[in-house]
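Colleague: Heads up: the sequence lines are chains W, Y and U, in that order. When you line the first sequence up against the numbering used here, it's residues 1 to 152, in that order. When you line the second sequence up against the numbering used here, it's residues 153 to 207, in that order. When you line the third sequence up against the numbering used here, it's residues 208 to 452, in that order.
Derived by calculation from the structure, the hints in this document are not laboratory data. Each residue gets a CB set at the ideal place from its N, CA and C atoms; glycine is no exception. A few of these clues could be false.
[To be verified] Cβ pair distances, simulated, as ranges:
1. P139/W / G238/U: 30 to 38 Å
2. T126/W / W231/U: 48 to 56 Å
3. V180/Y / R360/U: 48 to 56 Å
4. A348/U / V64/W: 40 to 48 Å
5. A348/U / A179/Y: 53 to 61 Å
6. E87/W / S351/U: 44 to 52 Å
7. E87/W / I341/U: 30 to 38 Å
8. G45/W / A348/U: 36 to 44 Å
9. D127/W / A179/Y: 50 to 58 Å
[As the list claims (entries may be wrong)] Derived DSS-like pairs: lysine-lysine, alpha-carbon spacing no greater than 30 Å straight-line:
10. K385/U / K51/W
11. K192/Y / K294/U
12. K219/U / K402/U
13. K51/W / K112/W
14. K203/Y / K219/U
15. K195/Y / K385/U
16. K195/Y / K219/U
17. K364/U / K195/Y
18. K61/W / K385/U
19. K109/W / K51/W
20. K166/Y / K61/W
21. K364/U / K192/Y
22. K385/U / K80/W
23. K166/Y / K323/U
24. K46/W / K112/W
25. K109/W / K61/W
26. K80/W / K109/W
27. K192/Y / K219/U
28. K364/U / K46/W
29. K194/Y / K219/U
30. K61/W / K210/U
31. K294/U / K61/W
32. K219/U / K207/Y
33. K51/W / K323/U
34. K192/Y / K203/Y
35. K194/Y / K323/U
36. K294/U / K194/Y
37. K364/U / K203/Y
38. K294/U / K203/Y
39. K61/W / K120/W
40. K402/U / K385/U
Now for the letters of each chain:
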Amino acid sequence: MTRRQNRMLLVALLLFGVFSAGYLGIKAFNENLLYFYTPTDVANGKAPIGKSFRVGGLVEKDSVQRRDMMVSFVVTDNNKSIEVNYEGILPDLFREGQGVVTSGSLTSKCVKNWFGKGCKYIFLATDVLAKHDENYMPPEVAAALEATAGKE
Amino acid sequence: MTMVEYFSFLPYGKYAFYVWLAYGVSAVTVITLFLSANRKHKKTLINLQNKYSRK
Amino acid sequence: MWKWIQRQSSPKIFYQTCANLTPWFFWPFIGFLVIGLYWSLIVSPADYQQGDGYRIIFIHVPSAILSMMVYAVMAIAGGIGLIWQIKMAEVVAKVSAPIGAAFTIIALVTGAVWGKPMWGAWWVWDARLTSELILLFLYLAYMSLNNAFDNPRTAAKSSSILALVGLVNLPIIHYSVKWWNTLHQGYSVGTGGLKDPDMQIALALMFVASIFLYALLVAIKAKTEVLIREQNSRWVQEEVTGAVS
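Construct the complete structure from the given sequences, taking the supplied hints into account.
Modeller: Next comes the structure, spelled out in structure tokens:
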């Protein structure tokens, strides 16, 4: 082998090693790099209970209730949903139907009524971030898109 | 009065501070990069010229 | 064309080429930039959700793409220098690093300034933002490694290996929004995310301007680097004494 072939082999091996190491690294860190859990994950018990974590999804239509600085809304991934309580300032893009990522922890809220005692999990958020999508358009186009979507 | 309110007289109103900050920082970075590249080239030419004339 | 590329491996011819091309990069850059800014700031309509705040995209996206493209060019040029021992490829790789780092910083800063009003945070540790920050560290590591050696050839060799290793970060940055749940939104480019033709034109103009800017800066910096490396050769002496007198 000439020296050049030697070097080429070295570089090729190096690249191969790096890419396989990267692939394995990604697989290993996949869980840790998950920025947020979906409500379905939470319902399936994948989210850590008792520790703080993030829940992301869409703010359900007509679910936002405000009282002073307290806000309560439902985050959904169109499969499962979870109620979120938050006290503080919301970002500009927070609105019903929009994406949102909240961080906080789960707590159970129990209510007594005629049928006995019922408990459900609610998410106490310490932080709410808005997540927007990759679409940008003027309002007229948005209105036109909505109109055609409604016809179908 | 916050910075955001202070700069809201500019075009883009409540987003003026953010938009102009982003464009401003980028402009400063690009201009600095260009000027420093040019300056370094001129300096190198002068340094080499001095070096050759010393011989 | 191939012959032309081969001839560029001569430092003298490469220097001449850079000198000749500089105005051909400078004026198109200015032209695309001016029209691009006009299209970004005036012609393009406001967004239905983000109002005028989304206009940061016209700087953010081109600089983010360039930050990755420049890295690829740097690593490939470094690899060519490593395998075929072409010194001018080493020069291109070396001078690309600070330019790429600058594009990365612009992408990160404009992203933060955009994130604050829209998301509600300057910075979050999601996969997209974290991997772009790692790209900046890769550039900085490359630059410090390149400066750590007195011999430019040794410096080029070791830093090229680092650059090739770091290539693995590029697909991670690109696919991060797909592979993981991120706060960062998905692709707008190439998926029809920009619904308005004027928005598309503005982004395209700013992207072309960025490419000319990169080429322009490489040409200027490469000239300087070639002069320093070849300072003991006769043609440099002639070039320098002729250029100043």
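Colleague: Within 30 Å, alpha carbon to alpha carbon, are K364/U and K46/W?
Modeller: Judged against 30 Å, a Cα distance of about 47 Å means the pair is violated.
Colleague: Does K294/U sit within 30 Å of K192/Y, going by the straight-line distance between their CA atoms?
Modeller: 21 Å, holds
Colleague: Given the proposed pairing of K61/W with K385/U, does the C-alpha separation stay at or below 30 Å?
Modeller: The hint holds at about 26 Å.
Colleague: Measure nothing beyond the straight line between the CA atoms of K385/U and K51/W; if it is 30 Å or shorter, mark the hint as holding.
Modeller: 26 Å, holds
Colleague: Given the hint that K46/W pairs with K112/W, test it: the Cα-Cα distance must not exceed 30 Å.
Modeller: 28 Å, holds
Colleague: Does the Cβ distance between P139/W and G238/U fall inside 30 to 38 Å?
Modeller: 32 Å, holds
Colleague: When you check the alpha-carbon spacing of K294/U and K194/Y, does it fall within 30 Å?
Modeller: Holds - the C-alpha atoms of K194/Y and K294/U are around 23 Å apart, at most 30 Å.
Colleague: Has the given pair, K61/W with K120/W, been kept, meaning a C-alpha gap of at most 30 Å?
Modeller: 21 Å, holds
Colleague: Has the given pair, K194/Y with K323/U, been kept, meaning a C-alpha gap of at most 30 Å?
Modeller: Measuring from Cα to Cα gives roughly 41 Å; hence the hint is violated.
Colleague: Next pair to validate is K203/Y with K219/U; report whether the Cα-Cα distance is within 30 Å.
Modeller: Distance ~20 Å between K203/Y and K219/U Cα, so the pair holds.
Colleague: Measure nothing beyond the straight line between the CA atoms of K195/Y and K385/U; if it is 30 Å or shorter, mark the hint as holding.
Modeller: 47 Å, violated
Colleague: So if I understand the rule, the pair passes when the alpha-carbon distance is 30 Å or less; does K294/U with K203/Y pass?
Modeller: With a Cα-Cα distance of about 24 Å, the restraint between K294/U and K203/Y holds, given a limit of 30 Å.
Of the numbered hints given earlier, the model fails hints 3, 5, 9, 12, 15, 28, 30, 31, 35; all others are met.
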